[in-house]
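Q: Once you have looked at the hints, place chain B on chain A.
2 protein chains.
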Amino acid sequence: MPRLIESVPNISEGRRPEVVEAAVAAVRATGARVLDVQSDADHNRSVLSLAGDEAQLAAALLALFEVATARIDLRQHKGEHPRLGAVDVVPFIPIEGATMADCVALARGVGQQVAERFGVPVFLYEEAGSAPHRRNLEDIRRGEFEGLAEKMKGAQWQPDFGPTRPHPSAGASVIGARMPLIAYNVNLGTSDVEVAKRIAKAIRHSSGGFRFVKAMGIMLEARQVAQVSINMTDFKKTPLFRVFETVRAEAARYGVNVIGSEIVGLVPAEALIDAADHFLRLEKFDPTQVLERRLREQG
Amino acid sequence: MPRLIESVPNISEGRRPEVVEAAVAAVRATGARVLDVQSDADHNRSVLSLAGDEAQLAAALLALFEVATARIDLRQHKGEHPRLGAVDVVPFIPIEGATMADCVALARGVGQQVAERFGVPVFLYEEAGSAPHRRNLEDIRRGEFEGLAEKMKGAQWQPDFGPTRPHPSAGASVIGARMPLIAYNVNLGTSDVEVAKRIAKAIRHSSGGFRFVKAMGIMLEARQVAQVSINMTDFKKTPLFRVFETVRAEAARYGVNVIGSEIVGLVPAEALIDAADHFLRLEKFDPTQVLERRLREQG
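Sequence order for the protein chains is A and B. Residue numbers are given in the working numbering: position 298 of the first sequence equals residue 298, and the series is strictly consecutive. Residue numbers are given in the working numbering: position 273 of the second sequence equals residue 273, and the series is strictly consecutive.
Just so you know, these hints were derived from the structure itself, not from any lab. We treat Cβ as the ideally placed atom computed from N, Cα and C, and that holds for glycine. It is possible that some hints are incorrect.
To be verified - Within a straight-line C-alpha distance of at most 27 angstroms, the following computed DSSO-like cross-link-like pairs (lysine-lysine) qualify:
{"no.": "1", "chain 1": "B", "residue 1": "Lys197", "chain 2": "A", "residue 2": "Lys284"}
{"no.": "2", "chain 1": "A", "residue 1": "Lys237", "chain 2": "A", "residue 2": "Lys284"}
{"no.": "3", "chain 1": "B", "residue 1": "Lys153", "chain 2": "B", "residue 2": "Lys78"}
{"no.": "4", "chain 1": "B", "residue 1": "Lys214", "chain 2": "B", "residue 2": "Lys236"}
{"no.": "5", "chain 1": "B", "residue 1": "Lys78", "chain 2": "B", "residue 2": "Lys151"}
{"no.": "6", "chain 1": "B", "residue 1": "Lys284", "chain 2": "A", "residue 2": "Lys237"}
{"no.": "7", "chain 1": "A", "residue 1": "Lys201", "chain 2": "A", "residue 2": "Lys236"}
{"no.": "8", "chain 1": "A", "residue 1": "Lys284", "chain 2": "B", "residue 2": "Lys237"}
{"no.": "9", "chain 1": "B", "residue 1": "Lys201", "chain 2": "B", "residue 2": "Lys214"}
{"no.": "10", "chain 1": "A", "residue 1": "Lys284", "chain 2": "B", "residue 2": "Lys214"}
{"no.": "11", "chain 1": "A", "residue 1": "Lys284", "chain 2": "B", "residue 2": "Lys236"}
{"no.": "12", "chain 1": "A", "residue 1": "Lys214", "chain 2": "B", "residue 2": "Lys284"}
{"no.": "13", "chain 1": "A", "residue 1": "Lys214", "chain 2": "A", "residue 2": "Lys236"}
{"no.": "14", "chain 1": "B", "residue 1": "Lys237", "chain 2": "B", "residue 2": "Lys214"}
{"no.": "15", "chain 1": "B", "residue 1": "Lys151", "chain 2": "B", "residue 2": "Lys197"}
{"no.": "16", "chain 1": "A", "residue 1": "Lys201", "chain 2": "A", "residue 2": "Lys153"}
{"no.": "17", "chain 1": "B", "residue 1": "Lys153", "chain 2": "B", "residue 2": "Lys201"}
{"no.": "18", "chain 1": "A", "residue 1": "Lys197", "chain 2": "B", "residue 2": "Lys284"}
{"no.": "19", "chain 1": "B", "residue 1": "Lys201", "chain 2": "A", "residue 2": "Lys236"}
{"no.": "20", "chain 1": "B", "residue 1": "Lys284", "chain 2": "B", "residue 2": "Lys237"}
As the list claims (entries may be wrong) - Simulated restraints on C-beta separations:
{"no.": "21", "chain 1": "A", "residue 1": "Gln38", "chain 2": "B", "residue 2": "Asp192", "range": "54 to 64 angstroms"}
{"no.": "22", "chain 1": "B", "residue 1": "Ala22", "chain 2": "A", "residue 2": "Glu297", "range": "23 to 33 angstroms"}
{"no.": "23", "chain 1": "A", "residue 1": "Glu18", "chain 2": "B", "residue 2": "Gly97", "range": "27 to 37 angstroms"}
{"no.": "24", "chain 1": "A", "residue 1": "Arg3", "chain 2": "B", "residue 2": "Glu138", "range": "23 to 33 angstroms"}
{"no.": "25", "chain 1": "A", "residue 1": "Arg28", "chain 2": "B", "residue 2": "Thr164", "range": "56 to 66 angstroms"}
{"no.": "26", "chain 1": "B", "residue 1": "Glu18", "chain 2": "A", "residue 2": "Thr99", "range": "57 to 67 angstroms"}
{"no.": "27", "chain 1": "B", "residue 1": "His205", "chain 2": "A", "residue 2": "Leu220", "range": "39 to 49 angstroms"}
Stated by the list, open to error - Not everything, but these chain B residues come out facing chain A in the computed CB check (under 8 angstroms):
{"no.": "28", "residue": "Val19"}
{"no.": "29", "residue": "Gly143"}
{"no.": "30", "residue": "Glu262"}
So that you can see chain A by itself, here it is in the shape it has in the complex (with noise of 0.2 angstroms):
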């Protein structure tokens, strides 16, 4: 079976077209997949979605900073969303035939690359993260760009590959592996918001729920529904059928109905596939089984 990683970089640029296209466009020219392009004006942000093996990733993604780097300027660069650099973050995801020791082993070759060719400090993060102060985004992330400079004289933020500086226009990057994220929403049959709050924090791993679930209630005020809103961040670990469960079963003790639920964006075949097992109660089942997955694995 051909190993297939995905890669989600975020540049900090959503407000000029012909960069985004200029980027986008010196990614396709390596031969690896784009499977999407979002680009935010609000954030100056876009957020592109790649596929291949170790060794088309590693060329798009020079590609992709080869660019960045060249036309995105950091010192003029505003907008609402949290940054760092001009490549911002870069997650390798495993997908199929390759495990997240592979794609944290490709994190750290493409940030050791980034960092010679580009001259740009590069922090690992998630489970590439080199110590667990260093995994989280967010705290790499915090006092962005403009303070960079100054959180960079700290021992603590000595960077895993390149100069103990930030590059003076592209600032930068973050680069790791992690677990596909499904966004999951479940709608309760209440507009009483509250009720997906208590839900919501009855599943979430920040007060005492699952281990790779985080979740808040909000309200969908057109519908006047309350809902769950669920990021699932390792599906494997923590499956979209057991939190669904949950949430039907804790929706109950209010005298509430799960009315549907919702996937936002793209979901792995596997997650929805073990829902299927769960519910039909297979028994022995191998995913191999899959007439798609037994095409891809002779193909």
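A: Okay, now just chain B, sitting in the frame of chain A:
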């Protein structure tokens, strides 16, 4: 997205491995993918699973007919499984990016070429069948090779392509298009096989149940578990989750629980994703949100 069709040709040879191997080698030489080969000596029959686009499968089937008509002689053939010809039956099955109409057209094209090149009469069946009495494989095959010359004297059994009498050694072939089959069993928390038989009767088409379900109740002696053994002949129109839920409801009427279910062999991802969609009560879910599918479409 590349067009992907599966074909599962059955040949009347399951005792001479060298003949089966020669047939498989000829198929592989065309570039078609061989997913699986199963030979059964009692049946004296082998089942190949192939995948590709129309051109690849047409070339593969012609190569298979060339070997099978040269090396299999139905006048010498004995086996438990009913059969009409050397290449007995060839279904084409739409998997991805191809419709049933594409598969019907492919069946007609391959049927015509087989008749012209090898002088083998061809009967189209299932979705490709040219009349209501010629859709069901069992009806076409009734009388087998030994009764075929007599059967083909009738106006009802003129072939769709080729000569009006059987090929002397290779008989006739049945070629058509159908949905993928899913072999699906539901295990009950009882050793009373009568419960499984009553549930099978409730869900199967032939006794008033779902249009695309065949079912029977059997006993798993080793486990002392009664099982509803099901063939799903069109999972898009009669979905897996609905059959599961109906078996569960019928079993509850006898005070019996569903203790598990099993998928035997391959299953299209869509059948499982539809089940996840149902049980998670997804709103506005679109199959193109599945990451692997997005990757294939853009691959």
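Q: So, against the hints stated earlier in the document, which numbers end up violated here?
A: 15, 16, 17, 19, 24, 26, 28 and 29
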